[in-house]
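J.: Per the UniProt record's numbering, residue 1 is the first one in the sequence shown, and the count goes up by one each step.
Just so you know, nobody snuck in bad clues.
Computed list of lysine-lysine pairs in DSSO-like fashion (alpha-carbon distance at most 27 Å, straight line): (1) Lys150 - Lys245; (2) Lys180 - Lys150; (3) Lys105 - Lys14; (4) Lys56 - Lys14; (5) Lys105 - Lys56; (6) Lys65 - Lys105; (7) Lys176 - Lys256; (8) Lys65 - Lys50.
None of these hints come from the bench; they were simulated from the model.
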Amino acid sequence: MRCTREQREDDRLKHCWAQVRVVDGEDILPRPHPLPHFVVENGLLYCVAKRRGEEKRLLVVPRAKTETILELAHSHPMAGHLAAANTTQRIRDRFHWPGLEAEVKRFCQACPTCQATSPRTPPTSPLIPLPIIEVPFERIGMDIVGPLPKSARGHEHILVIVDYATRYPEAVPLRKATTKSIAQELFLLASRVGLPSEILTDQGTPFMSRLMADLCRLLRVKQLRTTVYHPQTDGLVERFNQTLKQMLRRVAAEDKRDWDLMIPYVLFGIREVPLASTGFTPFELLFGRQPRGLLDVAREAGEQQPAPHRTIVEHVWHMREQIDQVMPLVREHLTRAQQAQQRHYNRAAQPREFQPGDRVMVLVPSSACKFLASWKGPYSVVERVGPVTYRLRQPGRRQTEQLYHINLLKKWVGTRDQVAALSLTEPVVVDVDPHLSAAQKTELQHLVSQFQDVFSSQPGQTNVLQHDIRTPPGVVVRQRPYRVPEARRQAIEEEVQLLLFSRPPDRPDQEGAAGESMLDTIGRSRQRSRPHLSFALRTSAAPSCCRRMPPTQDWEQSCPKSRKARSIRSSISAGSCPRPRGTTPSWRRRPWPSSGQSWSCGTTFWDASSPW
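Using the sequences and the accompanying hints, generate a full structural model.
T.: Next comes the structure, spelled out in structure tokens:
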């Protein structure tokens with residue numbers, strides 16, 4: 001890959017050419033040469049740096065060739081689509097260019113193959129509880145369990161119906177899960193408890209048929225459907241399905257072909273047990289009394305006392321009193337249960353939202369082959385239907401538009417070509433908050449482009465003021481360097497060498513020097529009076545944005561230290577004790593050198609010490 005001309009014409013490499021120290025073996029600048037440094041051999045620009053304890057010559061790649069390097073290091077079958085950290089390490093052993101790590105990160109994030117096959121899922125959206133239903137059988141949930149092993153009577157499916165008010169379950173064995181058989185069982189249920197007002201189902205074929213839609217329209221029943229691949233909306237029925245199958249598996253262990261005969265026994269056991277969500281049994285909430293079961297028979301046999309006699313009128317009045325007393329308690333129990341579930345669920349949840357026109361990926365159920373992609377797309381967002389549901393446009397599919405829950409969606413990162421085009425105008429990595437509008441994002445991009453020296457990740461230093469360290473006279477400081485883990489020693493040393501190369505330190509003029517934490521202990525802090533932040537916001541030049549400056553950039557974008565302070569402060573690394581010319585991150589001294597710089601230069605920007 002001969003790229004001499006591209007290296008010369010690349011504006012991004014101008015500062016690299018300006019810092020060349022050796023040309024074809026001849027020293028331009030006096031030795032010793034710090035690491036890293038730039039050399040020229042046979043017209044090619046190289047960066048000499050230390051990699052894993054070994055000094056290597058790294059070919060400096062111009063902008064026109066970075067796409068090829070990234071493709072070979074990440075997208076090629078021999079590269080294996082590794083993560084950004086591994087891809088960066090693979091490239092750093094052979095090549096170098098400004099902003100390498102940031103460009104590799106953007107490239108890996110925008111890789112279509114990685115986005116389609118990534119096992120990671122975005123954080124779930126906060127839970128939205130369903131409304132509490134207080135009228136029995138006003139809303140019911142339905143689902144089909146099966147196919148199951150065929151019973152001796154030819155049943156392969158189970159129609160499950162659960163009342164949302166009382167949690168009263170019904171389960172009916174079916175030979176075939178057809179709309180006609182489901183409609184017949186619904187009429188049988190309605191003959192006992194009445195017609196429901198709402199029916200919540202998934203998008204199964206029997207529930208989506210024209211016959212079911214016509215039946216619900218004639219009976220004035222509202223059909224509610226869950227979004228595709230998100231059965232959690234009908235979680236009450238889904239949880240009951242698990243309980244029903246588990247109990248049938250146990251009671252029908254001796255003869256697996258008689259599982260359909262055991263359904264009534266299992267239902268009775270479920271109906272007479274108090275639920276944690278309501279505090280009462282489903283049977284009691286529906287009929288206003290406790291069912292007489294086997295335990296009651298055993299107790300009566302032991303007591304040998306007849307059951308108390310009540311007339312029909314007394315029984316009706318007693319049942320009404322029970323229902324009037326029970327329903328407020330049920331409402332309170334359900335509210336507490338929903339709040340507890342919401343707190344538990346929302347611990348790891350994060351609010352997310354998409355705008356119409358955004359491109360997203362959809363998580364679909366994985367197939368039998370684990371090597372197939374589970375993310376499909378990208379698709380365009382048409383509209384936001386509910387708080388957590390979106391309508392997507394899916395060209396080329398049977399249904400061109402479909403509703404999806406937000407937990408099945410993740411934002412599509414632009415293609416590699418788009419990322420490369422962005423890097424031409426924005427070589428500096430700046431994260432823009434996603435909640436900003438398109439106009440605000442464009443304004444920020446222009447601002448960053450206009451003031452690249454301020455937002456740059458390259459080392460810089462202010463010329464407005466100097467930082468001085470004042471220590472009490474007569475204080476003797478003895479301090480040893482911290483131990484550095486061997487696994488991190490190489491990375492720390494490379495970072496220190498990069499910073500020293502960007503801004504050479506002072507030569508030590510005395511043997512002793514104090515570290516950052518020790519200066520925090522013995523140093524005399526200088527409190528700088530300044531107005532409250534809210535006052536500054538009102539009186540400043542109407543700032544429209546606020547830059548969050550991380551503490552790790554204080555060394556680079558720092559306030560220069562006076563010569564006295566430089567003689568005191570040092571940064572000890574493996575085999576060297578350089579004295580930086582700028583301040584370092586310290587929360588005790590930070591309010592006046594770092595923020596003081598901001599207040600002296602203007603109140604439009606604040607660093608991370610401000611409560612943003």
